[in-house]
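K.L.:
Listed below are the residues making up each chain.
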Amino acid sequence: MTSPSERRLRKEFLELIKNPIPGVIIDGEKIEKNINEWNVTIIGAEGTIYQGETFELQFLFNDKYPFDSPSVVFIGKNIPEHSHIYSNGHICLSILSQDWTPALSVGAVCLSIRSMLSSATKKERPPDDLIYTKTCSKNPKKTKWFFHDDNV
Amino acid sequence: MKIKVKSWTSVAWWKWIANDENCGICRMAFENCCPDCSFAGDDCPLVWGHCSHVFHMHCICKWLNSQLNQQLCPMCRQTWRFNDR
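As they're listed, the protein sequences go chains A and B. The opening residue of the first sequence carries number 32 in this note's numbering; numbering runs sequentially from there. The opening residue of the second sequence carries number 1123 in this note's numbering; numbering runs sequentially from there.
Keep in mind the hints are simulated off the structure, nothing from the lab. Treat the hints loosely; a few may be bogus.
Said to hold, decoys possible - Which chain A residues face chain B? A few, computed with CB under 10 angstroms, are given here:
1) S34
2) R38
3) E60
4) E63
5) K64
6) K95
7) P97
8) T132
9) P133
10) A134
11) S136
Glycine included, each C-beta is placed from N, C-alpha and C at the ideal position.
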């Protein structure tokens, strides 16, 4: 018997195959094997400082999804250099923690991250990158995030 | 015993009158039940918020019960208030 969270993820998966989001590529084969773990490739938008770059996002879902937010981090060698993205791949984005709602989805999160990248004008790490990456938990959902800059 | 349906005649059909096709939380069609139910319709009703957004009652209650501080509509983030119609 498929759980409610898996049924919802399967719906999202089919929807993204039917109506793909520009600049967002999902690894369908991997998802078919394990619906609770998605790898998504984000392509830097044309005309932005990330043009020509590709980035890898990892989504992990628990059985409370969509009532509980997924864990979303950048993985691999190329972690975008951005003032809200730590060098360990953790992302400071309010919809991934306190502003999550069950109406959001993988697609909505990808769009939000892509637009966060697109609005950046300078490649830089968060000011507390060194201390944060040394002290944080592996799971970004365990971090108590403070949001101070909504412009980027 | 195997039964083969040769023909059938429908006498009535029903549909929720909502300003959307699917529940924004579980993404199931409103004419289907939420993932926790087996039967659609009166057993798995819809509820409306003051903000005009509609959800399966079970879905929105599950969300509101999981919120500690404030109870917001998942779609528009306004404070959720049930609309008795």
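K.L.:
If a hint holds in the structure, say so; if it does not, say that too.
P.N.:
Hint by hint, here is what the structure shows:
1. S34: This interface hint holds because 8 angstroms falls under the 10 angstroms limit.
2. R38: holds (5 angstroms)
3. E60: Given a least distance of 23 angstroms, the restraint on E60 of chain A is violated.
4. E63: With a closest approach of 19 angstroms, the E63 of chain A hint is violated.
5. K64: violated (22 angstroms)
6. K95: Status holds, d = 8 angstroms.
7. P97: holds (7 angstroms)
8. T132: holds (4 angstroms)
9. P133: With Cβ-Cβ at 4 angstroms, under 10 angstroms, it holds.
10. A134: Holds. Min distance 4 angstroms.
11. S136: holds (8 angstroms)
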